[in-house]
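**Student:** These protein sequence lines are chains P and G, in that order.
Taking the numbering used here, the leading residue of the first sequence gets 2, the next gets one more, and so forth.
Taking the numbering used here, the leading residue of the second sequence gets 18, the next gets one more, and so forth.
Hints listed in this document are in silico derivations from the structure and should not be mistaken for laboratory results.
The structure presented is a predicted model; accordingly, all values stated were derived computationally and were not measured.
It is possible that part of the hints are untrue.
[To be verified] Covered, in the sense of this in silico footprint (three residues per stretch, anywhere, with C-beta under 8 angstroms from a C-beta of chain P), are these stretches of chain G: (1) 97 to 107; (2) 117 to 131; (3) 140 to 153.
Virtual Cβ for every residue (Gly too), placed ideally from N, Cα, C.
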Amino acid sequence: MSGSEILSTLLGSEVRGDLLVLFHRNPGLIDTVDGVARRIGRTTIAVISEVRELLMLGVLKQKRIGASEVVFLDRAKDRELLESVANHLKTVRIGGEK
Amino acid sequence: MTAARPKAGASGFDQLFSGKEGDGLRVKTGIIELDEMLRGGFMPGDAVMLAGSAGTGKTTLALQYLVNGVKQGEPGIYVTFEELPDQIYRDAKNFGWDLRKLEEEDKFRVVCTSPSLLLESGEDSLLDDVLRDIQPRRLVIDSLSHLEMFVKKDDMRMEAYRVVRYLKTRGVSSVLLWESPQISGGSFSVTDVGLSFLVDCIVALKPVEIESSLRKALVILKMRGSDHDKRFREFEITPTGIKIESAFSNYEGIISGSPRKVGSEKFMDLFRGASEKRK
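Build the full structure now, drawing on both the sequences and the hints.
**Tutor:** Structure, rendered in structure tokens:
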């Protein structure tokens, strides 16, 4: 996936942006989708498809703990994606200057 | 701790051959006066209850214990049910502790979750991954009191026991925070759900009113298998963390929260007052 595609997926919606801010500020957060939704002041319905997008991108990971599914930040993958985005942004800026 | 020790998260089998038991080593808090009170530090692998009412400094003391552990080469984990990690990073930075940097170096983790998830039983435990990742020697749970919201009062002791055993089996020294507004009177009741018996050591923090100002007292109520300082010591939260001062030697009734001067000190006050009047 290219840097621009990653960027547009990450910032695809306001809720997704809220989720990214939450997990970046709190990289040790491990919670259910329901719990995550509560922490950003949204409903589970509003959040579930956005979490799915971030899972597909690999920023978030999922794990079963007993009867619950929890989501958490994949720190390594997140760093990798951020690097791709940063590289992409550098290219865009250089292009703009030209 | 400087000698060879079991790897964090290591199995009980590994520990069996590590020489941990009875090797005389202590888990130093890094707060010199507290380590002196503990005769060197906590016992390795022990579960310590840090009890106190809100605002007494439980979180600060617990973070200081973990950060000092990292300085001694012992990675640590802070499990919080209450505050989001970003608040903890911010508050810790005010004391000069850069937790984000320690996380980047894989020496520290703040885990933020719900108590119900910690109690979920299954093949995987919530903490399995993080224990494997950073191999901690120390772990703090802030706070055990939150489990009460998710389990019946009668089950609380069993659930807390499970958490304590999970950590002990992995050779992790734990500090369990406990909101305890009732450390007063003559009963020394720290919890009303019988948790005092589950832990190896209890350190209580208590606000004390002396001469119309609020001061803070620390006392070690219990320490299995070791002698310890039995006195109430005054402490302050300074810009660099907890600083333990001298004992409240001229007061009695500290545990009640409203201490009074001991008889001899009252007599001395009267004597001093009378001699000043004569002048």
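**Student:** Hint by hint, say whether it matches the structure.
**Tutor:** Do the hints match the structure? See the list:
Under a criterion of three residues with beta carbons nearer than 8 angstroms to beta carbons of chain P, the stated coverage of the segment 97 to 107 of chain G is upheld, 3 such residues being counted. Given as covered by chain P, the segment 117 to 131 of chain G passes the check, having 7 residues with a CB less than 8 angstroms from a CB of that chain where 3 are the minimum. Closer than 8 angstroms: that is the beta-carbon criterion, and the segment 140 to 153 of chain G has 5 residues meeting it against chain P, so the requirement of 3 holds.
When each numbered hint is compared with the structure, no violation occurs for any of them.
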